[in-house]
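Visitor: Here is what each chain is made of, one letter per residue.
2 protein chains.
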Amino acid sequence: MSTIGFIGLGIMGSPMAVNLARAGHTVRGWNRSPGRAAALVAAGGQEAASIADAVRGADVVITMVPASPQVEAVAYGPDGILAHAAPGTLFIDHSSITPQTSVDLAAAAADKGVRVLDAPVSGGEAGAVEGVLSIMVGGAAEDFAAARPLFDAVGTTVVHCGPHGAGQTVKAANQLIVAVSLQAVAEAVVFLEKSGVDLDAALEVLGGGLAGSTVLTRKRANFRDRDFTPGFKLELHHKDMGIVTDAARAAGVPLPVGAVAAQLIASAVARGDGGLDHSGLLRGVELLSGG
Amino acid sequence: MSTIGFIGLGIMGSPMAVNLARAGHTVRGWNRSPGRAAALVAAGGQEAASIADAVRGADVVITMVPASPQVEAVAYGPDGILAHAAPGTLFIDHSSITPQTSVDLAAAAADKGVRVLDAPVSGGEAGAVEGVLSIMVGGAAEDFAAARPLFDAVGTTVVHCGPHGAGQTVKAANQLIVAVSLQAVAEAVVFLEKSGVDLDAALEVLGGGLAGSTVLTRKRANFRDRDFTPGFKLELHHKDMGIVTDAARAAGVPLPVGAVAAQLIASAVARGDGGLDHSGLLRGVELLSGG
Chain E
24 MSTIGFIGLG
34 IMGSPMAVNL
44 ARAGHTVRGW
54 NRSPGRAAAL
64 VAAGGQEAAS
74 IADAVRGADV
84 VITMVPASPQ
94 VEAVAYGPDG
104 ILAHAAPGTL
114 FIDHSSITPQ
124 TSVDLAAAAA
134 DKGVRVLDAP
144 VSGGEAGAVE
154 GVLSIMVGGA
164 AEDFAAARPL
174 FDAVGTTVVH
184 CGPHGAGQTV
194 KAANQLIVAV
204 SLQAVAEAVV
214 FLEKSGVDLD
224 AALEVLGGGL
234 AGSTVLTRKR
244 ANFRDRDFTP
254 GFKLELHHKD
264 MGIVTDAARA
274 AGVPLPVGAV
284 AAQLIASAVA
294 RGDGGLDHSG
304 LLRGVELLSG
314 G
Chain A
24 MSTIGFIGLG
34 IMGSPMAVNL
44 ARAGHTVRGW
54 NRSPGRAAAL
64 VAAGGQEAAS
74 IADAVRGADV
84 VITMVPASPQ
94 VEAVAYGPDG
104 ILAHAAPGTL
114 FIDHSSITPQ
124 TSVDLAAAAA
134 DKGVRVLDAP
144 VSGGEAGAVE
154 GVLSIMVGGA
164 AEDFAAARPL
174 FDAVGTTVVH
184 CGPHGAGQTV
194 KAANQLIVAV
204 SLQAVAEAVV
214 FLEKSGVDLD
224 AALEVLGGGL
234 AGSTVLTRKR
244 ANFRDRDFTP
254 GFKLELHHKD
264 MGIVTDAARA
274 AGVPLPVGAV
284 AAQLIASAVA
294 RGDGGLDHSG
304 LLRGVELLSG
314 G
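Chains as they are written, first to last, in our numbering: chain E, 24 to 314; chain A, 24 to 314.
Don't take every hint at face value.
Identical copies carry no separate label here, and so any pair may be met within one copy or between two of them.
[What the hints assert, rightly or not] As a list, the in silico EDC-like pairs of lysine to aspartate or glutamate whose alpha-carbon atoms are at most 20 Å apart:
no., residue 1, residue 2
1, 217, 127
2, 256, 309
3, 262, 300
For the record, the hints were derived by calculation from the structure and aren't laboratory data.
Using the sequences and the hints given, assemble the complete structure.
Guide: What follows is the structure in structure tokens.
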């Protein structure tokens, strides 16, 4: 069993920390804004007073925060993780951030003898609560092997994708495909409806062929009923499209349909739809079609 | 059992005619270029000497030809189907053509007392041979009901989508989603590879989440191995993107990612890749990324 300092008890982090505590690990949780540790404490964990307090004596530190700036804020500086973590500590970052930030973090941590894995997840709040997340991991193979029992406590599909940053790269590719798929289905739905077709019949037959996708299955009711309760918010997907756009530029790979999807998500956020589920891309297609 | 005049014994039409003959129907097949009726004759069907010969005495006429001009060529004129079909004949067009051509054909046929269903299919040559096509049908409900035993002889997912043209509209939406999905996966694959990620590991985890799709499953080996043996040719998908582009313009629905995918397919055809499987869109992304 591990002693874990868990940083970031938000919508995703809190249930992940709970599942680690339930699996028998000693979990000390910290969150920037207070009052987020109740579920963890109820599951047998503890609330830490500071990052230093969470990290002290831990053999594993886990972070789950919104984006690159927050990872840098909790990792670096005199009050940060690297200032307090003992040499040999395993630092697992579940946040979805730019691959380059993960690479830089791993290098800075190595100077302190701390081993880092980037391990972004997909599956949303429901996946976090149920402990069935998909986890895409970058870093050294031996560190992946050491972290495996912890991953298995929060997820079911756990894959080592390559060196530092590779987990973030795969998560970025995931968000690219999801964004484009949502936009394609949104365009198809508006086209079908404006053409006078029975939408339910159409989506049934589309789902059975090469056009079938998890987006079509899981988001079908959202599209049909215009129910854009998140789910996964457009403003978060907007952040992720920034990551994949930057990472692909760095890799020298233009993304023609990905770039258009990124612009349309940016437009949705600019119009004030950032709080909607990402299936709310449908609204943009309707707007382009005269409302 | 029906007496069927079957026009168009190509890659798709021949196995469909065979399956109808095997189901016990009397099938007289005709093809513009000769020598295509061997499989049908072996299955108990007959070769017709002309469209008039195929249509004479038939209670059902079925067409399966490449595009709108070929449908118009076999339907209209003194040698065409409408000139020879008896009033009351059911005319099932399995071709993938513009919705407007289907609407116009239904109107012209109604003047002769001939009832038309547009019934484009998806599932490819393998689906045609195995009799497991998806069939998207537009036209009158009572004609759909009458045609149902014939559809069941060639397909497994058979859906009435709405009035004349609705089948074509759904097929167009299908091709839109498939094209965009293929392009999205192609962009993700090149991005992953150029980023140094283990592609097989990445596609495994992507397939398990919201990015999962039939394209990702069925075309995975094509992308990974650069095996672009068709399958479904880019030049045919190019034709279909023309259909969906025109139909969406007519419906007043812009298709932002669909339009980009259409341009990239047009580029592939212009570069001489039209004979490749549509997963060959990957080559375009590689070209944009420096080869």
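Visitor: Next, verify each hint and record whether it holds.
Guide: For each hint, the structure was consulted:
no.	hint	verdict
1	217 with 127	between (49 Å within a copy, 19 Å between copies)
2	256 with 309	within (19 Å within a copy, 32 Å between copies)
3	262 with 300	within (14 Å within a copy, 34 Å between copies)
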